[in-house]
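**Q** Chain by chain, the residues:
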Amino acid sequence: VLAPGGDHIMIMDLTAPIRPGDQVEVTLALSDGSTIPFTALAKETTGGEENYDEGAGEMHMSGGQPG
Amino acid sequence: MSPQGPSLRRRALLLGGAAAAVGGGTAAALAGTELSAPEAGHVAAPPAGAQTVPFHGAHQPGIDTLPAQAHAVFLALDLRPGSGRPEVQRLLRLLSDDAARLMSGRPPLAAEVPELPALPSRLTVTFGFGPGLFDAIGRGGDCPAVVRELPAFPTDRLEPRWSGGDLLLQVCSDDPVPLSYALRRLVRDARSITSVRWTQRGFNPARGSEPAGTTPRNLMGQRDGTANPDLGPELAEAVWVRDGPSWLVGGSMLVFRRIRMDLETWDDFGRVGKEMAVARRLDTGAPVTGGGEFDEVDPRMVDARGMPVVAASAHVVRAKARTPAERMLRRGYSYDDGPTPDGAPDAGQLFAAYQADAATAFVPVQARLAEVDVMNLWITHAGSAAFVIPPGCAEGGFVGEGLLGA
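In order, the protein sequences belong to chains U and V.
With the first sequence counted from 1, adding 6 to any position gets you the working numbering.
With the second sequence counted from 1, adding 108 to any position gets you the working numbering.
It should be emphasised that the hints constitute simulated quantities derived from the structure, not laboratory data.
Note that CB positions come from ideal geometry on N, CA and C, so glycine has one too.
Check before you lean on any hint, since a few could be wrong.
So the derived label-pair ranges between C-beta atoms look like this [said to hold, decoys possible]:
{"hint": "1", "chain 1": "U", "residue 1": "38", "chain 2": "V", "residue 2": "189", "range": "44 to 54 angstroms"}
{"hint": "2", "chain 1": "U", "residue 1": "35", "chain 2": "V", "residue 2": "357", "range": "35 to 45 angstroms"}
{"hint": "3", "chain 1": "U", "residue 1": "13", "chain 2": "V", "residue 2": "249", "range": "40 to 50 angstroms"}
{"hint": "4", "chain 1": "U", "residue 1": "29", "chain 2": "V", "residue 2": "166", "range": "42 to 52 angstroms"}
{"hint": "5", "chain 1": "V", "residue 1": "189", "chain 2": "U", "residue 2": "39", "range": "42 to 52 angstroms"}
{"hint": "6", "chain 1": "V", "residue 1": "448", "chain 2": "U", "residue 2": "12", "range": "42 to 52 angstroms"}
{"hint": "7", "chain 1": "U", "residue 1": "31", "chain 2": "V", "residue 2": "193", "range": "15 to 25 angstroms"}
{"hint": "8", "chain 1": "V", "residue 1": "194", "chain 2": "U", "residue 2": "33", "range": "47 to 57 angstroms"}
{"hint": "9", "chain 1": "V", "residue 1": "316", "chain 2": "U", "residue 2": "31", "range": "39 to 49 angstroms"}
{"hint": "10", "chain 1": "V", "residue 1": "475", "chain 2": "U", "residue 2": "29", "range": "38 to 48 angstroms"}
{"hint": "11", "chain 1": "V", "residue 1": "214", "chain 2": "U", "residue 2": "22", "range": "28 to 38 angstroms"}
{"hint": "12", "chain 1": "U", "residue 1": "12", "chain 2": "V", "residue 2": "156", "range": "27 to 37 angstroms"}
{"hint": "13", "chain 1": "V", "residue 1": "352", "chain 2": "U", "residue 2": "19", "range": "24 to 34 angstroms"}
{"hint": "14", "chain 1": "V", "residue 1": "192", "chain 2": "U", "residue 2": "33", "range": "22 to 32 angstroms"}
Let's have the full structure, built from the sequences with the hints guiding it.
**A** Put into structure tokens, the structure is as follows:
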């Protein structure tokens with residue numbers, strides 16, 4: 007289960023910015039070759055107290071239920 | 109009658125049945141569990157805080173959510189310069205998602221404290237669009253003229269700091285704690301696109317302080333809202349837009365006025381005069397011409413000397429709807445921001461009236477009151493804003509999607 011402060015998915019090297027309120031189509035490619043598409047609502051957050059590189063904002067994504 | 113009334117009565121009956129079985133000593137196991145609870149009736153009743161109002165539906169919540177919750181915050185946001193259709197769409201998508209979660213007792217996306225929103229106490233979030241929002245999305249021509257600019261009334265003493273706004277949030281709850289939390293999360297998610305123009309906090313008598321369905325008292329001591337349409341077809345006709353563009357059908361219009369009360373002179377005014385100013389009794393809200401609270405004032409009644417009992421300038425004589433199109437749902441709240449440093453009250457009413465068309469309801473009624481109303485001796489309109497209330501949205505949608513496109 008993905009949760010704030012718990013297991014989450016990082017998206018790096020975005021080709022276009024994700025802005026708060028955007029609906030983002032996400033497709034997870036699993037190791038068994040299957041894919042799980044879902045739609046996520048993007049939201050600005052300072053939660054998690056994580057810092058992966060200098061000054062980069064983190065976008066939290068959730069909301070869609072994996073099919 | 110509150111919607112939960114019948115089910116509560118039914119629950120009480122079922123509990124009564126269980127208690128009787130225990131008394132008869134017919135079920136030892138049952139008796140063991142039932143008797144271990146100190147008072148079965150209290151344990152079984154769900155806390156009032158757990159009550160929720162659905163966010164999704166044909167209409168937005170917080171309008172025909174009746175009786176009105178005990179607490180309300182009205183908050184006007186202004187779009188930041190340069191905001192256009194994409195920004196407004198993202199904003200409304202975010203806020204609708206927050207509202208749906210918070211109203212159901214769940215934390216908003218990415219929030220980590222489920223306890224604060226867990227008991228929403230009939231929390232509702234209602235969105236209203238001001239003229240600036242229509243302009244920002246390039247649909248300025250779709251903003252009804254009456255919302256773009258309410259007529260000026262001669263008794264107005266409007267202050268810009270309590271007036272206007274691009275996007276209204278009306279957040280109501282019976283409990284100020286979940287309300288405060290909801291408001292701070294909504295504003296947090298709106299902050300990148302909007303700034304706060306004004307915030308006005310209001311209250312009604314605490315839930316349960318009087319029997320359900322009792323008309324609330326305002327700070328002048330009057331029963332306020334007696335003339336409201338009854339929940340059902342009467343209210344629906346007064347409040348919801350039926351004919352109009354598809355993005356507006358099922359919506360409404362809100363006229364919001366900050367009405368300051370001169371409570372010091374009012375408090376020192378005699379009781380008979382107070383009742384004659386409105387033509388209704390303070391204790392019951394009944395007409396001074398007789399009958400019960402929900403009877404109408406008889407403006408033609410004369411006393412033994414042939415003098416009219418009710419002045420033609422009495423408040424309800426002037427305020428009463430004279431045509432069906434003048435009807436509106438008054439969903440007002442008291443405010444108290446005083447006392448001032450020198451000890452004077454700073455209080456009044458946050459008048460919030462919902463209607464299908466403010467041009468045919470609030471405007472003619474307020475024009476009459478501004479012309480003649482004894483109550484003008486004590487009340488002053490200090491703030492004003494009007495908003496289009498879009499219809500509700502379905503799950504997965506957002507408020508305003510008909511206007512903005514999904």
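**Q** Just tell me: holds or violated, for the beta carbon distance of residue 13 of chain U and residue 249 of chain V against 40 to 50 angstroms?
**A** Since residue 13 of chain U and residue 249 of chain V have Cβ atoms about 49 angstroms apart, the given range 40 to 50 angstroms holds.
**Q** Verify the CB-CB distance for residue 316 of chain V and residue 31 of chain U against the hinted window 39 to 49 angstroms.
**A** 48 angstroms, holds
**Q** Is the gap between the beta carbons of residue 29 of chain U and residue 166 of chain V within 42 to 52 angstroms?
**A** This hint is violated: roughly 23 angstroms between Cβ atoms.
**Q** Is 28 to 38 angstroms a correct range for the gap between the Cβ atoms of residue 214 of chain V and residue 22 of chain U?
**A** 30 angstroms, holds
**Q** Look at the Cβ atoms of residue 35 of chain U and residue 357 of chain V and judge whether their distance stays inside 35 to 45 angstroms.
**A** With a Cβ separation near 44 angstroms, residue 35 of chain U and residue 357 of chain V satisfy 35 to 45 angstroms, so the hint holds.
**Q** Is it true that the C-beta distance of residue 194 of chain V to residue 33 of chain U lies inside 47 to 57 angstroms, as the hint says?
**A** The hint (47 to 57 angstroms, Cβ to Cβ) is violated, given that residue 194 of chain V and residue 33 of chain U are roughly 23 angstroms apart.
**Q** Please check whether residue 448 of chain V and residue 12 of chain U have a Cβ separation lying inside 42 to 52 angstroms.
**A** 50 angstroms, holds
**Q** Assuming the hint says 27 to 37 angstroms, is it satisfied by the Cβ distance from residue 12 of chain U to residue 156 of chain V or not?
**A** 32 angstroms, holds
**Q** Taking the Cβ atom of residue 31 of chain U and the Cβ atom of residue 193 of chain V, is their distance within the range 15 to 25 angstroms?
**A** Since the Cβ atoms of residue 31 of chain U and residue 193 of chain V sit about 20 angstroms apart, the hinted range of 15 to 25 angstroms holds.
**Q** Does the beta carbon distance between residue 189 of chain V and residue 39 of chain U stay inside 42 to 52 angstroms, or does it fall outside?
**A** 49 angstroms Cβ-Cβ, so the 42 to 52 angstroms window holds.
**Q** Using the beta carbons of residue 352 of chain V and residue 19 of chain U, state whether their distance is inside 24 to 34 angstroms or not.
**A** Between residue 352 of chain V and residue 19 of chain U, where Cβ atoms are some 48 angstroms apart, the hint is violated.
**Q** Given the hint of 38 to 48 angstroms, is the C-beta distance from residue 475 of chain V to residue 29 of chain U inside that range or not?
**A** Holds, at about 45 angstroms.
Hints 4, 8, 13 from the list above are not met by this structure, while the remaining hints are.
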